Amino acid sequence: MTAFSMTDLATVAPEIFLAVLGLALLMAGVFRGDRASGWISWAVVAGFAAAAGLVWQGGGARALAFDGLYVSDAFSLFMKQLTLLGSGLALVLSIRFNDREGIARIEYPVLFLFATLGMMTMISANDLLVLYVGLELQSLCLYVVAAYRRDSVRSTEAGLKYFVLGALSSGMLLYGVSLIYGYTGTTRFDVLVEQVAGHGAPALGLVVGLVFLISGLAFKVSAVPFHMWTPDVYEGAPTPVTAFFAAAPKVAALALFARVLVGAFGPLVEQWSQIIVFLSIASMALGAFAAVGQTNIKRLMAYSSIGHMGYVLIGLAAGNVSGLRGLLIYTAIYVVMGIGTFACILCMRRQGRTVEAIADLAGLARTHPMVAFALAIFMFSMSGIPPLAGFFGKFYVFMSAIEAGLYVLAVLGVLSSVVAAFYYLRIVKVMYFDEPDAVLDRPIGGTLAVVLAGTSTFTLLFFLAPGPLLARAQAAAAALIGG
Amino acid sequence: MTVYVLCIFLPLIGAIVAGFFGRAIGDRASQIVTCGCMIGSAVLAVPIFIEVALGGGVRTIELFPWFVSGDFTAAWALKFDTLSAVMVLTVSVVASAIHVYSVGYMAHDKSIPRFMAYLNLFTFFMLVLVTAANFMQLFFGWEGVGLVSYLLIGFWYDRSSACAAAIKAFLVNRVGDFGFALGIIGVFWLFGSVDFDTVFAAAPAMAGKEFVALGLSTDALTFVCMLLFVGAMGKSAQIVLHTWLPDAMEGPTPVSALIHAATMVTAGVFMVCRLSPMFEYAPSALALVAIVGATTAFFAATIGMVQNDIKRVIAYSTCSQLGYMFFAAGVSAYPAAIFHLMTHAYFKALLFLGAGSVIHAMSNEQDMRKMGGIWRKIPITYAVMWIGSLALAGIPFFAGFYSKDMILESAWGAHTAQGQYAFWLGIVAAILTAFYSWRLLFLTFHGRPRADRRTMEHVHESPPIMIVPLVFLAVGAIFAGWLGYDRFVGEHMGEFWRGAILILPGNAALENAHHSPRWVQVLPIAVALAGIAGAYVAYMQRPDLPGIIAARLRPLYLFVLNKWYFDELYDRIFVRPAHALGRGFWKAGDGEIIDGVGPDGLAAATLDLSRRAVRLQSGYLYHYAFAMLIGVVALITWYLYGRS
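Line order of the protein sequences matches chains L and F. Sequential numbering from 22 applies to the first sequence in this note's numbering. Sequential numbering from 2 applies to the second sequence in this note's numbering.
Chain L with its partners taken away, still in its complex shape (with noise of 0.2 Å):
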């Protein structure tokens, strides 16, 4: 073991900057109490935007860090760039709401915080140790902002379910771990990828291992079986959460499937892949048929999360750069319409109190054709209708899946989107053709005016330069398959 050096701050600079900014910022907080949240939110916005910039900076040059415990590449810096983003964009949609319930307090941006520090730490971690660092701190703070409004009892509720199998999963992650080093001898990515090359067949315990381990991390991106607590919490927990939940986590949990799977246990494709695919097409089926018969909103985006989860593993299950590359499109892609429709749900309430039905959209689009003409956007693009950017993600992901050779993959999930595609038009008929019958309030405030318009606009127009991102996914992915 070799002291550490500036080189290794330097790959972690970004994580460093957040880290010391969350302490600060918590101390201010302690010392200006409550009424300082609003600037402290802003401040954690900004620090989010200017860990983006040290992530930038950094580029994607491979580089490792404290003895290969830690590494930067082209794909760490594409998933972190989507966290933050997905994080920062979750804090400005809580501010004004958490303002209007009363519940504005300090801890809620430093949780966000800390939060996606852990979410960076398991983009980047090249060991299974540090994986399960990073997982646990950002699992901790997310299960308290879950139940974050402590006086609701289906908050609360949420926030202890989360907890509860959270701690479940997260034992079968370690189990997992400890099986993996007792047959390899390393925790270390690198070093597992030569242990696992070398021998033919794998040994029995490191199967059992790998497959503990996926379980734990399909707990995290809620992949069906393993997706239970999704539609409670989304429910139970307060909508800039469910917004939040929806995006950055989803993002870190998927970055660190593929770097385990991909990076480490690349050479076991053959033995993972199946695996994948059954938890793609469960999630898929799963998340098209229970959606249809939801009420709530916010239920619904639970299920739809599932599915959309279940078309990006379609890309893991492929197991290739252009798997990967799918992947990284459509993650980026579903964050950004989530976040839209997470903005369109906070505008749902009536005479000051939020509403969450979906029969409350009714005549949306007389009372706020602005809103609903983006919800509209939000639900065509999910359900994959060209040209909106939806289309793009399952595109790819389906293109990956033929190349592979996963023809019958490929087929149910295209069947399961038109299944998918009769709950999204539902709601857009509801919009356009009901009648309403309490008119919701107005006016939805700027900042979500803000973000509905940026990401709607980049849902719309993402086929007219597709070019950028495609190139970045591009050399994302092949970053994770060559390392």
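Honestly, I wouldn't trust all of these hints.
[To be verified] Partial list, derived from the structure: chain L residues whose beta carbon lies under 10 Å from chain F:
#1 E178
#2 L231
#3 Q292
#4 A311
#5 V313
#6 F416
[As the list claims (entries may be wrong)] If you want the ones that stay clear, here's a sample from chain F, every Cβ over 10 Å from chain L, calculated:
#7 L64
#8 I186
#9 M457
#10 R577
#11 L617
Note that these hints are calculated values from the structure, not bench results. As the structure is a prediction and not an experimental result, all values here were calculated from the model. Glycine included, C-beta positions come from ideal geometry on N, C-alpha and C.
Based on these hints, arrange chain F on the given structure of chain L.
What follows is chain F alone, placed relative to chain L:
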């Protein structure tokens, strides 16, 4: 050559102008254009008739190739011989009169350009039909007149009865057309060509050739001719395929006059005559033609006696007269058939237009029971109706006398069983014809007025634009027979027809007709007079008599009144089963199987699955944890099995 082409295509130009630009140029201009084109065509038809029929300038004008596909070739060509020249002249002259009449009759209609364009288009198709030089072009004209007939019957498309009648006409004609199309296929199969000249030249060699179908050996030429005759039956409304013609009276009266009396319905007769070089070698097919024709002549005349709608009486009369033409063709007296076709075109158009004038005068009333006593008020109409009826009944020196007598004498002169059958049925039909014609005259014009006072006060003679064509046609109805007799069926027959029609030396019906016994020559006139006398007694002297007879012979009366129950029979045999079948396919096939399993079934299955998926989410923490653990166990198990 320009004259020939222009004569045929002028009506098409008129139809295009009035049809596509009618709205732009207005009603008056449309009428002028279409009537101008039509009259121009009729004027051009005269020199054509003189040059071709009288001067012997038979010719075929090739316009351009139509189908060239391997062995199969067909060209657009205009064939001008005596037969087509007669037809072109008759069609264009009668059509001109009717065009002019329509200007007055349809003056208050909303869509005059459309009507005039249809009339022009119809005439064009009819002219193409009669000048066809091959089967394909014949079929083109055939279908074309069928199409325009459909459009004109359903001209008042806001009346459901008109739409139903149009559909009925189209469908019944389809049956005939199907036979016709099969016949054309058979011709091509037999002769390897659809060109008339080629086929006719090869026909003698084909006589007696047999082919085996369904294990039965059949005479090939006879079979093909019978199929072609099925087409003729459909178009010419012969018994079993006649049901559309009376219903077609739903169209405006000029349409009835042009299409359903003078021209289109005669296409079947024309076709049989045109194909005489084939039919002559298929004696069984000819016998069938004679029997069907004679039966129709009798059958339609019986129904005509009891109809109360003035146009329907004339419609059944048309049906009956077509029967005469067919049995004339069936005994190889093709010239007599064409002669009657020509004279009939004049007097039947006259009768229809006269009926139209009556309807016009009676404020659109068509029921004869609500007319009567109007002859003083509309004397010209009354006079022309008399002329038409006299011609129809075959009273001497009117047009119908020459042609109808010749047909009956030919039937006698055939000296065959079917000839005798046709002769006697023709005689009976002649009594009936005279009877219903004068029944029509007496009921319509004489007796006590039975219309209400307002209608009676309103009765007036038609405007000159309608009267002039009537008088013109009346002249034709008087003189057409006298003028044509010598050339069509008389002494100069041979040099007139010049091989346009083939009659084998063995089938000398027409020749024998000139030497028939005196009683055969007198009998048709005698029975016609008897029929008139009968009608006078029953409707003028003893107006209670028809009621008494109807009551006495009630079953027979009902049988005839209900048109021999043909419509009811077809309804049972064809319409209802087809309806039931369609309903079955719709309800069971499409509704329950395709929709039920397809869209509806899938949707229901999706909803069901969705309910189950939602129920999985119980809300209990231990269920969730259990699901996760089960998931891990299942994955590991599957993984291990999948590995081995």
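Evaluation of the provided hints:
no. : hint : verdict
1   : E178 : holds (9 Å)
2   : L231 : holds (9 Å)
3   : Q292 : holds (7 Å)
4   : A311 : holds (4 Å)
5   : V313 : holds (4 Å)
6   : F416 : violated (24 Å)
7   : L64  : holds (51 Å)
8   : I186 : holds (47 Å)
9   : M457 : holds (61 Å)
10  : R577 : holds (42 Å)
11  : L617 : violated (7 Å)
Hints 6, 11 from the earlier list are contradicted by this structure; the remaining hints agree with it.
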